[in-house]
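Those protein sequence lines, which keep their order, are chains A and B. Residue 51 in the numbering used here is what sits at position 51 of the first sequence, and the numbering runs on without skipping anything. Quick note: to get the numbering used here, add 221 to the position in the second sequence (first position is 1).
If you are wondering where the hints come from, they were derived from the structure by calculation, not from laboratory data. Don't be surprised by glycine CBs; every beta carbon is placed ideally from N, CA and C. One should not assume that every hint holds.
Stated by the list, open to error - Pairwise CB distance ranges, derived in the manner of DEER restraints:
| # | chain 1 | residue 1 | chain 2 | residue 2 | range |
| --- | --- | --- | --- | --- | --- |
| 1 | B | 244 | A | 57 | 43 to 49 Å |
| 2 | B | 237 | A | 209 | 29 to 35 Å |
| 3 | B | 451 | A | 43 | 30 to 36 Å |
| 4 | A | 37 | B | 444 | 36 to 42 Å |
| 5 | A | 38 | B | 323 | 51 to 57 Å |
| 6 | A | 5 | B | 453 | 56 to 62 Å |
| 7 | A | 117 | B | 257 | 45 to 51 Å |
To be verified - Here are the simulated BS3-like pairs of lysine-lysine, each with C-alpha atoms no more than 25 Å apart in a straight line:
| # | chain 1 | residue 1 | chain 2 | residue 2 |
| --- | --- | --- | --- | --- |
| 8 | B | 417 | A | 152 |
| 9 | A | 13 | A | 180 |
| 10 | A | 180 | B | 460 |
| 11 | A | 194 | B | 460 |
| 12 | A | 152 | B | 416 |
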Amino acid sequence: MQLIREIAFLLHKEWTLELRQKYALGGILLYVLSTVYVVYISFVKIDPDHWNTLFWIIILFASVNAVTRSFTQEHSSRQLYYYTLANPIAVLLAKILYNFLLLVFLSLLTLGAYSLVAGYPIRQLTPFIWAIALGSLGFSIALTFVSAIASKASNASTLMAILSLPLLIPILATVIRLAKTGFIPRAGVEVPIKGDLYILAGIDMLLLGAALILFSFLWRE
Amino acid sequence: MIKKHFWKALAVLILLYTFIAGLLVPLKPGIVEMDPRTVQSGRNISFKVKGYNTHYMNSDIRAWLKMDEDHVLAASPILIQNDRDLKLIFGIPPFLPTTDKTQNFTLIIDSPVDGVHLLPNAVFVSQDSVNLALASLQWPPERITDLHEKAGITFPFRNILAETIRNIYFHVPMWFAMILLFLGAVIYSGRFLWKKNMQDDQRAASMIRTGVLFGILGLLTGAVWAKNTWGAYWSGDIKQNMTAICLLIYLAYFVLRQAYEDPDHRARVSAVYALFAFFAMIPLLFVIPRLTDSLHPGNGGNPALGGEDLDNTMRLVFYPAVFGWFLMGLWIAQLNFRIERLRERRLEEE
Numbered sequence: 001m002q003l004i005r006e007i008a009f010l011l012h013k014e015w016t017l018e019l020r021q022k023y024a025l026g027g028i029l030l031y032v033l034s035t036v037y038v039v040y041i042s043f044v045k046i047d048p049d050h051w052n053t054l055f056w057i058i059i060l061f062a063s064v065n066a067v068t069r070s071f072t073q074e075h076s077s078r079q080l081y082y083y084t085l086a087n088p089i090a091v092l093l094a095k096i097l098y099n100f101l102l103l104v105f106l107s108l109l110t111l112g113a114y115s116l117v118a119g120y121p122i123r124q125l126t127p128f129i130w131a132i133a134l135g136s137l138g139f140s141i142a143l144t145f146v147s148a149i150a151s152k153a154s155n156a157s158t159l160m161a162i163l164s165l166p167l168l169i170p171i172l173a174t175v176i177r178l179a180k181t182g183f184i185p186r187a188g189v190e191v192p193i194k195g196d197l198y199i200l201a202g203i204d205m206l207l208l209g210a211a212l213i214l215f216s217f218l219w220r221e
Numbered sequence: 222m223i224k225k226h227f228w229k230a231l232a233v234l235i236l237l238y239t240f241i242a243g244l245l246v247p248l249k250p251g252i253v254e255m256d257p258r259t260v261q262s263g264r265n266i267s268f269k270v271k272g273y274n275t276h277y278m279n280s281d282i283r284a285w286l287k288m289d290e291d292h293v294l295a296a297s298p299i300l301i302q303n304d305r306d307l308k309l310i311f312g313i314p315p316f317l318p319t320t321d322k323t324q325n326f327t328l329i330i331d332s333p334v335d336g337v338h339l340l341p342n343a344v345f346v347s348q349d350s351v352n353l354a355l356a357s358l359q360w361p362p363e364r365i366t367d368l369h370e371k372a373g374i375t376f377p378f379r380n381i382l383a384e385t386i387r388n389i390y391f392h393v394p395m396w397f398a399m400i401l402l403f404l405g406a407v408i409y410s411g412r413f414l415w416k417k418n419m420q421d422d423q424r425a426a427s428m429i430r431t432g433v434l435f436g437i438l439g440l441l442t443g444a445v446w447a448k449n450t451w452g453a454y455w456s457g458d459i460k461q462n463m464t465a466i467c468l469l470i471y472l473a474y475f476v477l478r479q480a481y482e483d484p485d486h487r488a489r490v491s492a493v494y495a496l497f498a499f500f501a502m503i504p505l506l507f508v509i510p511r512l513t514d515s516l517h518p519g520n521g522g523n524p525a526l527g528g529e530d531l532d533n534t535m536r537l538v539f540y541p542a543v544f545g546w547f548l549m550g551l552w553i554a555q556l557n558f559r560i561e562r563l564r565e566r567r568l569e570e571e
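Next comes chain A alone, as it looks inside the complex:
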């Protein structure tokens, strides 16, 4: 109970912080919109396979950019202060949850903007929404944890990209395959998406478990 109260409070803190530094969120929104536009300008007409791949690549880099700052935006001594006030696990979980919500919001926004300019080839929204939800969760867990690992280095953002991109590929590959089933017409054969959903959920749980266990070794300075 205590943990949930702490997480709720820390979530509120993250949101307040976001509102104070509007330029960070604005920067990412602008990044998403300009990438979508660059893709549109260079392709004009996109077939569904490329549409899908490009969509997830935009999401991938937007996510890396969005989550990098989660452990670097505040000074490390203040970070330490949080750990003494609250359970460190609560700090991590709050950041994961906050980033998850942020990534879902970013994905939906990208989906809207992308569909507006590059066409809307999706026939079934259900697998696509599942892909966004479980994919964002996996991205958020892996990226938040890697951000904690990389935060103390001098060039955290480069390190972040090097460390996280290979780790995200299993999630990305499964998400792209799952999302592809969304292009099959609704009237067509029933698409088996359960297998991919279980794999994604499995990867997410595995990463979450590893992150929760390992974080207790990481936060102490």
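Following the hints, put chain B in place on chain A, whose structure we already have.
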């Protein structure tokens, strides 16, 4: 002294055995090619056959084209040109005992010296029209009997693999060694986080370094093998891709180590990353490759390792090879660890 180092001698001995037996034991006799591969029914056709490791001269050779147990054609006459080349003449009846327009046949050759060897799907015979009644009259009641067994120690002959089958003693053990070394690194990383002993951190780093070396060697031996059997060094096979990603994850480990100056901090962060990366690698290595088609044996309808591809003679070399390469990996990791420690000691003295 001897007790402490015997495993290194064991590694060298096992690998010597692997190299000698793996490279010198001959392949079983086999058939490389048959020409022509597609013919029309109802003719006498002369086929050129090329053998491999065969001794056809002065031996009593028999040859058959086999459709199934009950439908077999014997070659006559058989002209022996040299130890490796045969000319076989088959009289193929106008109608085939099948309802298909085209039927494939297996070529079987038997000789007292080489034993029986065969070429699956050696020739495709097509017929203009189907007539089962006529076919049953035209086909001779021939049976394959009294086949010879080849004695001696040999590896199996597989048509596309041929001599490259020996690569199994080098390519596959690299993966076993790599996975085991990464597992060792996980254990040492965990122990470092538990006991905060700097030596454990260095041991983990050495094991990952050696594991990456074995991974690269595995990719290289695999690429050479793929060029000879699949036709290209890199075919974008799922296992090739996953391995490349896996190596990227562990190369990032070294970038991470370079990024932190303070040894204590570096050790803790890299131990945490090594553990996290190993968890992230589990779906990469064990789940996703099983769900996707692959050119590797055991995937996408290809037969798994085992059966006739890994016979008992090969097992006698393959299992020691896995063990020997793993011991060698441990030894390399240990040497690397000691070099790193000496380097550190020298830095402290300066």
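Verification of the supplied hints:
A C-beta distance of roughly 46 Å is found between residue 244 (chain B) and residue 57 (chain A), which places it inside the suggested range of 43 to 49 Å. Between residue 237 (chain B) and residue 209 (chain A), the C-beta spacing of about 44 Å breaks the proposed range 29 to 35 Å. With their beta carbons about 33 Å apart, residue 451 (chain B) and residue 43 (chain A) fall inside the hinted range of 30 to 36 Å. Here the CB-CB span from residue 37 (chain A) to residue 444 (chain B) is close to 40 Å, well matched to the stated 36 to 42 Å.
The hinted window of 51 to 57 Å between residue 38 (chain A) and residue 323 (chain B) holds, with their beta carbons roughly 53 Å apart. Residue 5 (chain A) and residue 453 (chain B) have their C-beta atoms about 59 Å apart, which keeps the hinted 56 to 62 Å range intact. Evaluation of the 45 to 51 Å hint for residue 117 (chain A) and residue 257 (chain B) yields a failure: the beta carbon distance comes to about 58 Å. For the suggested pair residue 417 (chain B) and residue 152 (chain A), the alpha carbons sit about 19 Å apart, so the restraint of at most 25 Å is met.
Taking the CA atoms of residue 13 (chain A) and residue 180 (chain A), the gap is near 37 Å; set against the 25 Å cutoff, the hint is violated. This hinted pair checks out: residue 180 (chain A) and residue 460 (chain B) have alpha carbons roughly 22 Å apart, not beyond 25 Å. With a CA separation close to 24 Å, the supplied pair residue 194 (chain A) and residue 460 (chain B) stays within the 25 Å bound. Pair hint residue 152 (chain A) plus residue 416 (chain B) holds up; C-alpha atoms about 23 Å apart against a cutoff of 25 Å.
Hints 2, 7 and 9 from the earlier list are contradicted by this structure; the remaining hints agree with it.
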